[in-house]
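S.K.: On the provided structure of chain V, position chain A as indicated by the hints.
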Amino acid sequence: MRRSIALLAPLLVMACGGGGGGTDRRTLVDSRDNYDPRSLDPALSTDVPTGRAVGYLFDGLTRFTPEGGVIPGLATSWETSPDGLTWTFHLRRGVAFTDGTPFVARQVLVSWQRVLDPRVRGGRGWPLYPIHGAQDYAAGKVTSIEGLSAPNDSTVVVKLKEPFAIFPKLLAMPVASIAPETVPANFGEHPVGTGPWRLVEWRHDDYLLFAPNTHYWGGPPRADSLKARIIAEPSTAVAEFESGTVDVLQIPQGEIADWEEDAERRKLLTSTPSLELVYAAINTTRGPLRDPRVRQALNYGIDRMRIDRNLIANRGTLAAGVIPPSLPGADTTRSGYQFDTTRARQLLREAGYPNGIDLEMWTSTNPLYVRIAETLQAYLRLSGIRIKIVQRESAAAREAARKGATDLFLKDWYADYPDAENFLYPLLHSANKGVGGNVSFYQNAQYDSIVTAARREQDEAKRVALYREADQIAFRDAPMIFLWFYSELYAVQPWIRGFQPPVIFNGQSWTTVTTTAASAPKRDQ
Amino acid sequence: MGAFILRRLLLAIPTLLGVLVIAFLLLYVAPGDPVMAMVGERADEQTIARLRAELRLDDPLPVQFGHYVAGIAKGDLGRSYITNRPILRDILERFPKTLQLAGAAMLFATICGVTLGVLSARSPGGLIDRFGLALAYLGISFPVYWVGLLLILLFAVTLHWLPPSGFGGFRYLILPALALGMRSVAFLARMTRSAMLDALGADYVRTARAKGLRERVVVARHALRNALIPIITVLGLDFGAYLTGSILTETIFSWPGLGRYVVNAIARRDLPAIQGSVLFLSAVFVLVNLLTDLAYAKADPRVTYA
Chain V
0 MRRSIALLAP LLVMACGGGG GGTDRRTLVD SRDNYDPRSL DPALSTDVPT GRAVGYLFDG
60 LTRFTPEGGV IPGLATSWET SPDGLTWTFH LRRGVAFTDG TPFVARQVLV SWQRVLDPRV
120 RGGRGWPLYP IHGAQDYAAG KVTSIEGLSA PNDSTVVVKL KEPFAIFPKL LAMPVASIAP
180 ETVPANFGEH PVGTGPWRLV EWRHDDYLLF APNTHYWGGP PRADSLKARI IAEPSTAVAE
240 FESGTVDVLQ IPQGEIADWE EDAERRKLLT STPSLELVYA AINTTRGPLR DPRVRQALNY
300 GIDRMRIDRN LIANRGTLAA GVIPPSLPGA DTTRSGYQFD TTRARQLLRE AGYPNGIDLE
360 MWTSTNPLYV RIAETLQAYL RLSGIRIKIV QRESAAAREA ARKGATDLFL KDWYADYPDA
420 ENFLYPLLHS ANKGVGGNVS FYQNAQYDSI VTAARREQDE AKRVALYREA DQIAFRDAPM
480 IFLWFYSELY AVQPWIRGFQ PPVIFNGQSW TTVTTTAASA PKRDQ
Chain A
0 MGAFILRRLL LAIPTLLGVL VIAFLLLYVA PGDPVMAMVG ERADEQTIAR LRAELRLDDP
60 LPVQFGHYVA GIAKGDLGRS YITNRPILRD ILERFPKTLQ LAGAAMLFAT ICGVTLGVLS
120 ARSPGGLIDR FGLALAYLGI SFPVYWVGLL LILLFAVTLH WLPPSGFGGF RYLILPALAL
180 GMRSVAFLAR MTRSAMLDAL GADYVRTARA KGLRERVVVA RHALRNALIP IITVLGLDFG
240 AYLTGSILTE TIFSWPGLGR YVVNAIARRD LPAIQGSVLF LSAVFVLVNL LTDLAYAKAD
300 PRVTYA
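Going line by line, the protein sequences match chains V and A. Numbered by numbering that gives the first Met the number 0, the letters in the first sequence go through residues 0 to 524 in order. Numbered by numbering that gives the first Met the number 0, the letters in the second sequence go through residues 0 to 305 in order.
Some hints could be false.
Simulated DEER-style distance windows between Cβ atoms [as the list claims (entries may be wrong)]: (1) A:144 to V:460: 47 to 57 Å; (2) A:64 to V:366: 30 to 40 Å; (3) A:145 to V:92: 56 to 66 Å; (4) A:145 to V:98: 46 to 56 Å; (5) A:142 to V:138: 45 to 55 Å; (6) A:91 to V:385: 48 to 58 Å; (7) A:5 to V:373: 50 to 60 Å; (8) V:185 to A:106: 28 to 38 Å; (9) A:64 to V:261: 53 to 63 Å; (10) A:52 to V:403: 16 to 26 Å; (11) V:261 to A:193: 40 to 50 Å; (12) A:14 to V:160: 54 to 64 Å; (13) V:185 to A:144: 34 to 44 Å; (14) V:261 to A:145: 21 to 31 Å.
By construction, these hints were calculated from the structure, which means they are not laboratory data. A virtual CB, placed ideally from N, CA and C, is assigned to each residue, including glycine.
Excised from the complex, chain V in its bound form (with noise of 0.2 Å):
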């Protein structure tokens, strides 16, 4: 697999000679997806490839920088009212569809409405659940959502059923993405918004064909076209990108060291602090795992430090708690369970197993979780934790997990948005058992009130210390085994300038990447 970019060098000079002009260079080639989006709809984004095209075609009301901060998108502005209920979002004038159609208030409305409206068959509604009726007009008990109105062209006015603080944060997913009034029935294939870029075409398992919006309202994107490869297999998309072929690839976690350890290689890398928690989910109500000193037990009971640097070549920041330490509220000074199976042993003990005790791992068939699972089942049977690793196609294993079947469940949790709020509520407060996110069915009534109270909290100080003490509680009693953070690791090819790799996935959105094209080489198409 490592035939060296300096063996390709003299090809790519000939390439260029040969190629003459630079005309053909100014396509952004991504190589991130892999596989179809579901649909170009924003109602319809549940996916990543989903979400990332739509991050190109449409706005919402706010937006991620590829750092992860949030910025202004179609809403300059908003002010809340003193009891955090009443969100007035002061529009941006001036902007239009790619159809030309002006943006105006009433498409947020109409657009939030698709998202809920259960013959749109989206799924994913609960980023607007905050707004008050959204939830019963999504069961169909009402026919208008009672908290969205829109006194003129420029103002939207939300009612929360309670207040919540990072509500803006929510409306940059994808899924709250504007889309005009009316929409077609193939709007999934052809699109209209007021982002970035327009789609010029969408070869299904292909690629995704953007160009810029010259009238994008900030500042037309910089490269000519953008165009997002769907390439299915992780090795394949390696290979394009040592051919000159994509510009942009996302390492696959079981290759880092070929890339770190290679000089030529690893000029090319950058990465970012992931939002990504790699984790056991602990189901904290079968049998011995009911008790926190089982769970603690299965924590001390692993070397997390070298599964991370044999594995993964240390891509992961060791887990002292769910919220990751690049957010407010992680406690880095804490120090995670350290490995000790004495001390794994005498848990196990105090809390009546002296003989160890039998439990299923479940993990999906990825060949890196596999290969977690079976390092965890050996240093567990180390403290007389007798592991049976199940193995089964990803929604199969997830299924299970969320009817509760599963004593361990490893996965990961990629966040939506950058706030420990996505990684308390949705993984671990009792309102989120199973299908929710919380397939540790961990239910305990101070953890719980801690992280009601934090996602009503309006001062930031305040929801910050209530969020590091909810955290503090997880770790104590150890939902899920704890074992890192991943940062991601993308290269970018020497000719590319300006691309950031975004914390949140649909936070890149090209618009000020360029390449220089005396490096590039040529191109097919």
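M.R.: Below, chain A without anything else, positioned relative to chain V:
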């Protein structure tokens, strides 16, 4: 002949109906709920219940099946649960690409395999024969996946002659066709060799030689023609395997064919898309078998389907 084709086509109906029932039932007993796959990591019971109702997943199984069959009778494979697009259109968009890849692989396999087989048979135990045998073993033992990646590394990454993956002109077709056809080259070469050896030892070949015909004519016209039946059988069987077995090749080479569509559909538990693809591929399979039978008659005048 016409009556034979008609009879075979009529027989295909119960076959496809059987496929339909089995595919339908298997998918409903297999674990994996389409709604669960659809909503992603974070959802709520209410949304899931509404979606189940929208997709009519709560109807009794016979009712759901009735609905499905009624749609198919009208030539409608339904819409995808996930993308909302008509399934038949999705399949028809992708199938020609799979066909193109399968066709190219088969052409490659036939030309190389039959040539190698004939040459091997002409001097059994000779250099070409032994080379062919070695190649056959290699071709059968190497997994497509590995061969595919190796081809990409050599011809795209290192030599820069061909694009690593994707869909486009002839240049994009070469590597996946080689990877997909490789196995069959080996198979066909061995099959042709043994069929040719039989034929070359037959009385009519001796007669042909005794008539003073040139060796080339003897081999090509008399022996090869008679060796064709087993070769056609292998080709027919292989072609079906190409269509369904191109999944790996399409994945490695980012080829936007039906194989990847099916993989996606399975991963997302898109039941109507899976059923539609299975039904479609079964129909193609039946058709290919029929064409194979017709080709027998063309190759061997003794075979008639009156």
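S.K.: For each hint, tell me whether it holds in the structure or not.
M.R.: Hints versus structure:
The given range of 47 to 57 Å is respected by residue 144 of chain A and residue 460 of chain V, whose C-beta atoms sit roughly 54 Å from each other. For the pair residue 64 of chain A and residue 366 of chain V, the supplied restraint of 30 to 40 Å holds, since their beta-carbon distance comes to about 37 Å. Distance hint check for residue 145 of chain A and residue 92 of chain V: the Cβ-Cβ separation is about 58 Å, which falls inside the suggested range of 56 to 66 Å. At roughly 49 Å, the beta carbons of residue 145 of chain A and residue 98 of chain V sit within the given window of 46 to 56 Å.
The hinted range of 45 to 55 Å is satisfied by residue 142 of chain A and residue 138 of chain V, whose Cβ atoms lie roughly 50 Å apart. For residue 91 of chain A and residue 385 of chain V, the hinted distance range of 48 to 58 Å is satisfied, since their beta carbons lie about 52 Å from each other. For residue 5 of chain A paired with residue 373 of chain V, a C-beta distance near 58 Å keeps the hint of 50 to 60 Å intact. Judged by the Cβ atoms, the range 28 to 38 Å given for residue 185 of chain V and residue 106 of chain A holds: they are separated by roughly 37 Å.
For the pair residue 64 of chain A and residue 261 of chain V, the beta carbons lie near 56 Å from each other, so the given range of 53 to 63 Å is met. Separation of residue 52 of chain A from residue 403 of chain V is about 24 Å and conforms to the stated range, judged on CB atoms against 16 to 26 Å. As the Cβ distance of residue 261 of chain V to residue 193 of chain A is approximately 49 Å, the hint placing it in 40 to 50 Å holds. Against the hinted window of 54 to 64 Å, the Cβ-Cβ separation of residue 14 of chain A and residue 160 of chain V comes to about 57 Å, which satisfies the hint.
A hinted range of 34 to 44 Å holds for the C-beta pair residue 185 of chain V and residue 144 of chain A, which are about 36 Å apart. The hinted range of 21 to 31 Å is satisfied by residue 261 of chain V and residue 145 of chain A, whose Cβ atoms lie roughly 22 Å apart.
Checked against the numbered hints above, the structure breaks none of them.
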